[in-house]
Amino acid sequence: MFAYIVRRAAYAIPILIGVNLLTFYLFFVVNSPDDMARLHLGVKRVTPEAIEKWKAERGYNKPLMYNEAAAGIDRLTETIFFEKSLKLFAFDFGHSDDGRDISHDIGQRMIPSLAIAIPSLLVGLLINISFAMLLAFFRGTYVDVSGVILSVVLMSVSAMFYIIGGQFLLGKLLRLMPISGYDGGLDAIKFLVLPVIIGVISGIGSSTRLYRSFFLEEAGKDFIRTARAKGLKESRVLFRHLLANAMIPIITGVVVILPLLFMGSLLLESFFAIPGLGSYTIDAINRQDFAIVRAMVFLGSVLYIIGLILVDVAYTVVDPRVRLS
Amino acid sequence: MIMPVILWTDALIFLLVAITTAFALYARRKPHLRAPWRHVVCSRPGSMAVVILCAYIIIGLLDSLHYRLALESNDAGAETHYASEVLSALDALVGPLRTQTEKTYSAPFATHLFTRETIQQPEGGQTREYPRLKYGGRHLQNPAVDARADILRRSGVALAQTLTAGLAVLLLITLWQAHRRQQAFTTMLRTILKRRSEVPWLIIWISLSILALLIFLAANLATAYHVFGTDKVGEDVFYQTLKSIRTGLVIGTLTTLIMLPFAIFMGILAGYARGWIDDVIQYTYTTLSSIPGVLLIAATILMLQVYMANHPELFETTLERADIRLLFLSIILGITSWTGLCRLLRGESLKLREAEYIQAATAFGVRHSKIISRHILPNVMHIVLITVVLDFSGLVLAEAVLTYVGVGVDPTMNSWGNMINSARLEMAREPVVWWSLLAAFLFMFTLVLAANLFSDAVRDAFDPRLRQH
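Chains A and B, in that order, give the protein sequences. According to the working numbering, the first sequence is numbered sequentially starting from 1. According to the working numbering, the second sequence is numbered sequentially starting from 1.
Listed next, the in silico DMTMM-like pairs over lysine to aspartate or glutamate satisfying Cα-Cα at most 25 Å (straight line):
#, chain 1, residue 1, chain 2, residue 2
1, A, Lys221, B, Asp456
2, A, Lys172, B, Glu430
3, B, Lys370, B, Glu356
4, B, Lys243, B, Glu316
5, B, Lys351, A, Glu218
FYI, nobody ran anything at the bench for these hints, they're computed from the structure.
All chains, full assembly: derive it from the sequences and hints.
See below:
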């Protein structure tokens, strides 16, 4: 097992190098740092001195790949590629374009992101699995048909309507909870209820439908028939045999997104003004802060790859038939 | 005099239409290609979805015929100049909707503005009141009393028109079917009304009638009132949401058109060739798919913004600028979404190349290119089709999210994303301005729901594993 994980982690390195090169190409070769400076300082009436100053403040005034002016190993290290791209591998994200320490910001903003993401995930899983089991139990009846229609209707609504509608209904009309905002410590709970509810509701449609198909797939198999044939109670068939087997695809689907929970939800966080990593990313995009976007791209890929490795491990844990080799 | 304008996305849409028509003509004569499509139309949700999607597509296509009007000039011999504003066939069709702009917000069917204004009375002194709208309910003498009756009268006219048109359509369908099947008219009518026909004509007829009702209602009411109100700068919200249809469709279809060649070519190549080619292609798509989609799109669009800001001379009109951005958005969405299909196709061709008929073809010495085009490609097309149709609704939804994040379509472009984005602030106003959100919601929801129902029908018809059950 350990050897397998190490091998998988080693396999991830070339992919991360690929991601790194791609972001470097996107951010520094497609547009030179001069272009970025001009965009930030205003395209017209900008002096070359101002551009040089802007670049020097942010460390963009070095050559891209190879520094001819330097000597020895510095020829390779005193470059944008080394400073801005290679250092990402050490999780040294450097400073944002307005001079803040990105690693520190990320560490701080991770907690509010998780405070939304984890409850939404758990509550959502519980509700979706229950609904899906209910539909699978009543399969072929009107309950099932209307449930499937309802989930198609629910998944046809954009997440933004859920958010705006929920904010309006629960926050503004009924005044049950604050519309947006965040507070430290336990006070945060009252700000988190609404986003979690909306996060759960917006996911019900698609997940219920997907999980229902998992249940139905297992329900048609021989071991279920055997379980019924030997006279087991329907509840025992449902929970002991059906649920246990349908959980395999559900769990692996959840595990792959677990690490990405750190990144937070772009929409929920920005609509509810929660200082997590999702709103951090959106703010960076709107302020055109390239350093942060670059850091988040890299971080996101690392987390995604970790998720892929976790899935393989999870398979062996939940499904003894699968052996890693 | 008009000058046709063909934007980049227009050209690609026409290309897509040409490809689809060519395929449809080809598939007409092949029973094995026709059968699954018949299955789609014969399913009740499928037939309903087809009607709705067709309505959207017609509006989208009309909105893709762009032109510029000639400016009037006094001396006859002079070279004609064209207005800088690019219009579309849809603009010509809805006519007054585009030009009838008020001062600022007004509610649906309102005759007065949404906000108070200070008005100078003729006898001196000032009052603060809600002024009359310039266009909404302009024909009414006494709007407070007459408006309701007028709206009811117009709705009644629309209903009467719908009934007439609906009966005419039913007559035509029955006549046509009776002629084709060599049956008596009354027998055919009974078959249709009792839902015994193979194609669910009753459902199609009902959907068409509802559609007709909506169109007649719009035709009767939208010319005299703002049926969905007006937005902050007084533009008709109904017009905006009609114009947004094209944006949604372009994102949903062009993305697919752009990604398909990549995904099909690379996926089949990887599965068929194996070895180092497979390794390289797998590495490429794993790398691309490991970057979270939104972030990759954000990074690329940011770079496009930088490029556009530094090269303003490349774009003649704002519409062209917005159009290029829309095209790039489709390309980038295509780059981020081809990986899933590519992976599926690779797996399928890995399986297929071991199949006996392909082994046989190889043993007979058939060329690789021939094997791929004759034996593998037709056998993976159902996967391609299912993925394409499934992706469509997701892409329409993604447009709204991306636009909100700031990396979607151009802010000057009509799109549901932009409408929702502005509605966010309007919902915080007191009293609430809700109609932009409602209009965007209704139109977007209908399209996505129809697309979802359609994709379910397509999957049921084309997925051989599902057909066995």
